[in-house]
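Novice: Sequence:
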Amino acid sequence: MPILSGKLSFHARAVLLLALLLAFGSEVLLWPHAPGKTPAQWLLAGVLYPAVAALLLHIASRYRMRDLFGLMALAGIYGIFSSILINPTSTLADVPRTWFTRVLGAHSLIGLLLLGMFLALLPVISRRRMITTALCVFVVSFGWGTWAKWSPTFADGITEPTPLPALLAVASIGIALITAAVWLLARSDGEQQPLKLSRRGLVITVIVLVLALIFRLFEGSVDGLSVITLGMFALISLGVLYYQERPKGSAMLDMVNQSPGAGWAVLLVFCAVSLILGGIAGYSLERGVSANDPVFIVTNLFTGYGIAWLPAVAGVLGARALIRQARMGRL
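Per this note's numbering, numbering through the sequence shown is continuous, rising by one, with the last residue being 331.
Treat the hints loosely; a few may be bogus.
Simulated crosslink set (DMTMM-like; lysine to aspartate or glutamate; CA at most 25 Å straight-line) [as the list claims (entries may be wrong)]:
#	residue 1	residue 2
1	Lys37	Glu27
2	Lys196	Glu160
3	Lys196	Asp67
4	Lys37	Glu245
5	Lys37	Glu160
6	Lys37	Asp223
7	Lys196	Glu245
For the record, the hints were derived by calculation from the structure and aren't laboratory data.
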């Protein structure tokens, strides 16, 4: 088998790791499957997460993504693709409201966090990075414990929250799969390999995503207005990455080709423990009224991020352009 014989390429291993991280974020942390996915939908998700992960790495590598704002734009593209192609039943349940709360909000924010985790796992890991990442995971886990507990009750006909053992069991399986993927990547030969798709690979990936979109449209789970509107947001995000492209200087994915070293195992243990403990603590929180309701707080966090991130990115890039023009004496 290719995986056991070590013949899986570095690029394929990186795609596998990112796909598992993104799936963990969207399927476990956000817990969108009430009243549940069919086996066919899980099979489709199993194809689409690697396809989306491969495309994201290609875009980041092609346009030399180099800072947080580029990462936010890339996460926005993920949130749109994930929402339309993989989880449209939950993300497009009440448009246009859920465009901002779930598509540009929840799924884009979780994409940002898991893309950051992908980058944190790959280069040589310092003690400071371990502590910072584990603390971030602990904070996120509070929201996960609360949100995953109560989110099924938002669906019609469901009144019981998600059982804690189910959350912990699924999270443990996801952590085990991610650990295996990082181990595979750590065993690669460390050769410098670009994470861009070949022309043939890019065509195949795009065809897979287009076919999935056609299927969703015929299925009726996606409406044309959402495709057009969110497609425009995706193009704007791609434009941000295009605008940021620089042929020289460092890029975020430059560190991907460095060996993870042995620190990844310790980091994953810290993150797993933080996630479980924080999730249990978040799960124990009872619902209240308005600001005393943890679900209200998480929902507003998603909404605020969904409304603010793209204008914030555009504003920062515009300010940078003005400063650059001023330095060149054109203003």
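Novice: None of the hints should be skipped; say for each whether it holds.
Specialist: Tested hints:
For the suggested pair Lys37 and Glu27, the alpha carbons sit about 11 Å apart, so the restraint of at most 25 Å is met. Taking the CA atoms of Lys196 and Glu160, the gap is about 45 Å. The hint is violated against a cut of 25 Å. With a CA separation close to 18 Å, the supplied pair Lys196 and Asp67 stays within the 25 Å bound. Between Lys37 and Glu245 the CA atoms are separated by roughly 39 Å; this puts the pair beyond 25 Å, and the hint is violated.
Straight-line distance between C-alpha atoms of Lys37 and Glu160 comes to about 18 Å, which keeps the hinted pair within the 25 Å bound. Proposed proximity of Lys37 and Asp223 is supported: the alpha carbons are some 19 Å apart, at most 25 Å. For a cut-off of 25 Å, the pair hint linking Lys196 to Glu245 stands: about 15 Å separates their Cα positions.
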